[in-house]
Structure formats: C-alpha cells, structure tokens
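Colleague: What follows is the residue order along each chain.
There are 2 protein chains.
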Amino acid sequence: MDLKKYLFTNKKAVETALKAMLPKGSVELSALASAIRYSTLSSGKRIRPILAIASAEACGGAMKEALPVACALEFIHAFTLIHDDLPAIDNSDKRRGRPSCHKIFGESTAILAGDSLALLSFEIILKNSDRRKLSDAKIIRVLEELASASGFFGVIGGEMMDIAFEKTEPGLTVLKKMYMLKTGSLIRASVRCGAIIAGADEKKMSRLSSYADHLGLAFQITDDLLDLEGRSSVTGKPVGQDKGLGKATILGAVGLDKAMMMAEVEVEAAIESLKSFGITADPLREIARFVIERKM
Amino acid sequence: MDLKKYLFTNKKAVETALKAMLPKGSVELSALASAIRYSTLSSGKRIRPILAIASAEACGGAMKEALPVACALEFIHAFTLIHDDLPAIDNSDKRRGRPSCHKIFGESTAILAGDSLALLSFEIILKNSDRRKLSDAKIIRVLEELASASGFFGVIGGEMMDIAFEKTEPGLTVLKKMYMLKTGSLIRASVRCGAIIAGADEKKMSRLSSYADHLGLAFQITDDLLDLEGRSSVTGKPVGQDKGLGKATILGAVGLDKAMMMAEVEVEAAIESLKSFGITADPLREIARFVIERKM
Numbered sequence: 152m153d154l155k156k157y158l159f160t161n162k163k164a165v166e167t168a169l170k171a172m173l174p175k176g177s178v179e180l181s182a183l184a185s186a187i188r189y190s191t192l193s194s195g196k197r198i199r200p201i202l203a204i205a206s207a208e209a210c211g212g213a214m215k216e217a218l219p220v221a222c223a224l225e226f227i228h229a230f231t232l233i234h235d236d237l238p239a240i241d242n243s244d245k246r247r248g249r250p251s252c253h254k255i256f257g258e259s260t261a262i263l264a265g266d267s268l269a270l271l272s273f274e275i276i277l278k279n280s281d282r283r284k285l286s287d288a289k290i291i292r293v294l295e296e297l298a299s300a301s302g303f304f305g306v307i308g309g310e311m312m313d314i315a316f317e318k319t320e321p322g323l324t325v326l327k328k329m330y331m332l333k334t335g336s337l338i339r340a341s342v343r344c345g346a347i348i349a350g351a352d353e354k355k356m357s358r359l360s361s362y363a364d365h366l367g368l369a370f371q372i373t374d375d376l377l378d379l380e381g382r383s384s385v386t387g388k389p390v391g392q393d394k395g396l397g398k399a400t401i402l403g404a405v406g407l408d409k410a411m412m413m414a415e416v417e418v419e420a421a422i423e424s425l426k427s428f429g430i431t432a433d434p435l436r437e438i439a440r441f442v443i444e445r446k447m
Numbered sequence: 152m153d154l155k156k157y158l159f160t161n162k163k164a165v166e167t168a169l170k171a172m173l174p175k176g177s178v179e180l181s182a183l184a185s186a187i188r189y190s191t192l193s194s195g196k197r198i199r200p201i202l203a204i205a206s207a208e209a210c211g212g213a214m215k216e217a218l219p220v221a222c223a224l225e226f227i228h229a230f231t232l233i234h235d236d237l238p239a240i241d242n243s244d245k246r247r248g249r250p251s252c253h254k255i256f257g258e259s260t261a262i263l264a265g266d267s268l269a270l271l272s273f274e275i276i277l278k279n280s281d282r283r284k285l286s287d288a289k290i291i292r293v294l295e296e297l298a299s300a301s302g303f304f305g306v307i308g309g310e311m312m313d314i315a316f317e318k319t320e321p322g323l324t325v326l327k328k329m330y331m332l333k334t335g336s337l338i339r340a341s342v343r344c345g346a347i348i349a350g351a352d353e354k355k356m357s358r359l360s361s362y363a364d365h366l367g368l369a370f371q372i373t374d375d376l377l378d379l380e381g382r383s384s385v386t387g388k389p390v391g392q393d394k395g396l397g398k399a400t401i402l403g404a405v406g407l408d409k410a411m412m413m414a415e416v417e418v419e420a421a422i423e424s425l426k427s428f429g430i431t432a433d434p435l436r437e438i439a440r441f442v443i444e445r446k447m
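Protein chains in written order, with my numbering: chain S, 152 to 447; chain Y, 152 to 447.
This is chain S alone, in the form it adopts within the complex (with noise of 0.2 Å):
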C-alpha cells in the first residue's frame, strides 16, 4: 500500500472536517475563536485522527462514520499543546514551526483556548455524530475513553509527572508509566475509539489495545530522539528543549542506541499485535513504520 498517500488523503479529509466543525463565534469572542482556529489547523500531522479512521477501517468500518471521533481526538490533542506550550509549564515559544498560541494571542485567550477544546471534543461527538448510524451505546463508550485518556489518570496526569519528574532521574518502569499517560493515552484512545465505531468484538479490541500500547511508547521515545536531533525547521519545535527544561526522558535513562533499539521493539511488537488481521489493517501497519522514520 501507498502510506504516504493514504496519510495525505486522510489528514486532507480530517482537516476539512476540523474546520467545519470549528467555531466561528460572533465579534465579541473572534479573538477565542481565532486562537483555536490558529492551534488546531495548524500544520499537524494529524496521527491520531488517522489512527481512529484506519482503526475503524481494519474492523470494516468507514473513514466518514469515524471522522467525528477522529475530529475529537485531534480536539483534546491540540488542547493539550496549548496548555503544554505556556510559560507556567514548558514555556515554549514555537510550535509546528510557528510561534505558539499564546505568543499570538496572549496568556489569557490560551488558557481558554484549550478549555474551549477540549470542551468542544466532547460536544461534536455528541452533536455531529450520525445518530441513523451510531448507536447512544456507541457514543458512550467512545466518550469514556476519549474523558478517560485525557484526563487526571490520561494525557493530563502524563503531563504532571513530566512537570513534576523536571531534574530528576526516575527509573525506566517510572517512566514507560509516564510515557503512557502522557502520549500513549490518547493514541490508544485514537485506536480503540475507530474500532469501537466500526463495531469491533471484543478480541479485536484487546488486539488493537496492544497494538496502539506498543506505538504510543514507541512514538514518545522518537519523539525524545527528534528532540535532540531533528531540526527545528522539519520538526517545527525548538531542538533540545527537553534538555533545557532538565526534562526526565527514556533517551536521558538509557542513552541514544538502547532508545532507539527500544522505538523498533515496540513498532515489531505493535505489528505483531496485529497478526490475526488481514490487509485492511496495512494502513495501522504501516503508520507503526512511519512512527520511529518520521523527521517530524
């Protein structure tokens, strides 16, 4: 299969969809409605909605009947960017290769930027979902994982152990948790809300958890590795941040080599997870691939 085209028809899809789902509000909240606009459709590479749709695909779902879902995760993801970016905690200045949302916007209009998202993951799901197609049974599911992977034991608990792990040397089992929290939350959420759509049973399901478990630790760990290498113009962060803030991070535990042999043992053991699929789960193959090639 053609990876790099199917990523650009679907991140091409998804970015339609983010935009007519976003929120043009009137004169007196333009500014609000701006600042999520600016964060949200920005250059992402959109990695989690397309895990959902390729999600919903191998368990012979549709992209379309995923891409409300898909929407959502990319929601509380760039919500959580923004959040993550202000000076009170990772103080970073750029983000996607350009400035981020608060040094456009202003602190406070950041702030609620992310709240709104975050708020408004929640409610496309619930008011764009077609209700002929999607049962109230299937919403729910998806609602809980979409609260429960990105709130205090998710993304947002993830990102208070990274705060709170700053100077300091926890060891590797600590850490895979943190990782977990922080990124592999909300990219098991992506996969396991895509096949929740598509009707997936239940050995599916655990299937594709262990799938997207293994990719999550594996994306985190690269993305510690672009950190140090990558060049700010690709990746679109500043290079060494993590150094900087005295970031406690796999690649700081166990050094370059041993993170990168353990960025490949997860995408083998997430592809392997996959092994009882047939080729309509290419497409969650080949991302795993993507994830620890990628410049970016």
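One or more of the hints may lead you astray.
Just so you know, same-sequence chains aren't split out, so a pair can sit in one copy or run between any two.
Said to hold, decoys possible - With a cut-off of at most 20 Å between alpha-carbon atoms, the simulated SDA-like pairs for lysine to any residue come out as follows:
| id | residue 1 | residue 2 |
| --- | --- | --- |
| 1 | Lys-163 | Lys-215 |
| 2 | Lys-398 | Glu-258 |
| 3 | Lys-170 | Ser-181 |
| 4 | Lys-278 | Arg-292 |
These aren't lab readings, by the way, just hints derived from the structure by calculation.
Following the hints, complete the assembly by docking chain Y onto the known chain S.
Modeller: Chain Y in isolation, oriented as in the chain S frame:
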C-alpha cells in the same frame, strides 16, 4: 419549607459524593490530586448541584439519581474558578476565603488541576451513573447540556468576553449576553440536567429553562453587588476586585439602585416561570429568593 435545612442537607450529600468521586492518584500524581481536592472541597455554596437536585425533585425525581450529575456540575464550576483566578486571567489571590489554587500549588499544577476537573465531570457521569436507572439517551442529553454550557458558547466564551470587555463600556444588551454565558449557562444546565434525569416533558423543560435564565442573571448581578459591598471575610473573595480590574458590569452600567431592582425583577420572573409547578418546586422558589438575599 425550611430552606436553610434543605440547603444544609443537600450540601452535605453533595460534598460526601464529591469526596468519593475525586481521584486519589498514585505518589507521582499526589500534588495534582491535592490541588483538585483543595479547590473542589473548599467551602462553596454548591448552588449548581443543589439546583440540579431541586429541579429533579420538582419533576418527581429523587436526589440520589441526580447526584453524579450534580457533582459533575460542581467539577465544571471548580475548573472555571481555578482558571479564572490564574495570574494571566483575573490574578486573584483568594477564593472561598482561602489562597487560590495557584497560590498554594503553583501555576502549572493549577492549570492542570482545572483541566483534570473539566474532563472528570464527563468521566463521573459516564462511570458513576446508575445505569439501571439512567438510560443511555438521558446520559447523552445530560452530557450535551454540560459540554455546550461550559465551552465556547458557554462559561469559557463568557470568561473571554469578561476579559475582552475590561476597561470598556459595552451596552446593557451585550453585558446581559456576557452574564448569560459566564454565569447563566451553567445555572441553566444545572436546572435542565436535573429535569432530564427526572424525565421532565418539553413543557416543564421550557418553564425550568426560563426559571434558570432569570435566576442566572439575578445571580451574577448579586455577585457584582457583593464584590462592591460584601465583606471579604464573608464572601471569601477580595472586595472591589471588579473595579480594580476595570471589569465591565451591569452594576457599573446602570448604578447600584437600578442593578438591585433588576436582580429583584429577575427573581420574581424566575418564580413566575414555576407557577404551574406544585409544592415540589418550593425549594427552587426559595433558592431564587435566597440568591439575591445571600451575603456570600
């Protein structure tokens, strides 16, 4: 009826439920868990959860059924207060008579505590609702109310307008719109969610919505009056903060006497909306009177 006893009993029930529903967290997340508990379990009036309970009861429902939703409403409220107090927004050092969240736990933890609470509000409805009694359709309707009342076209949008209007003099119509978003939308959602849980018909929903809209306006006008006249030891907030921040308020626009009269007219209109309800709506009527007579 004895309103004082009613408020006391329900406040107790809500606070016991809040305590049980808050995450405890592992060692790594103990600071975040503490910040969440500190802000949520401080001495609030619990007006929103009590409104949800009173509204459910007015429609023949029971307090117990409304409790998870009541807690979710308080979580949303606590989330907006934490973010509202941040240095980048209202820069408020005190809340409910104690140092605000970021003064105790630092800004990064306060941002993440607010985020966690926003997401937790959805999680507890999805996880704690008694599924034998609450249908999927009702859960979805409640979540719709919650998401739209708190997000871009709700509390967060209202906060944005509140900031944008600082040091300006918008007309009364625009100020009312801001009050409806900033304060009214979550009051409306509280009353509507209680009614949804009790299975209210469209006629009742519409009358209760009217009650809530009038109440929300009266509530925010009274808040402005308390900001001007209240004693910090009773309100738990710094006195005269609105003026210090150059906040645009209805009080500032129409003056003290007219603002007080407006609040009274709104309360009368709120009570009038309930005229087809029997004595089960007495708590709602009494709460409306209490809202403008309160000292905190």
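Colleague: Decide, hint by hint, whether the structure agrees.
Modeller: Tested hints:
With identical chains, the CA atoms of Lys-163 and Lys-215 are at most 20 Å apart within one copy only, with a shortest distance of 13 Å there and 47 Å across copies. In this assembly of identical chains, the alpha carbons of Lys-398 and Glu-258 lie at most 20 Å apart only when taken from different copies (18 Å versus 23 Å within one copy). Within a single copy, Lys-170 and Ser-181 get their C-alpha atoms as close as 15 Å, which meets the 20 Å cut-off; across copies the closest is 38 Å, which misses it. In the homo-oligomer, the alpha carbons of Lys-278 and Arg-292 lie at most 20 Å apart both inside one protomer (16 Å) and across protomers (10 Å), since each shortest distance falls under that limit.
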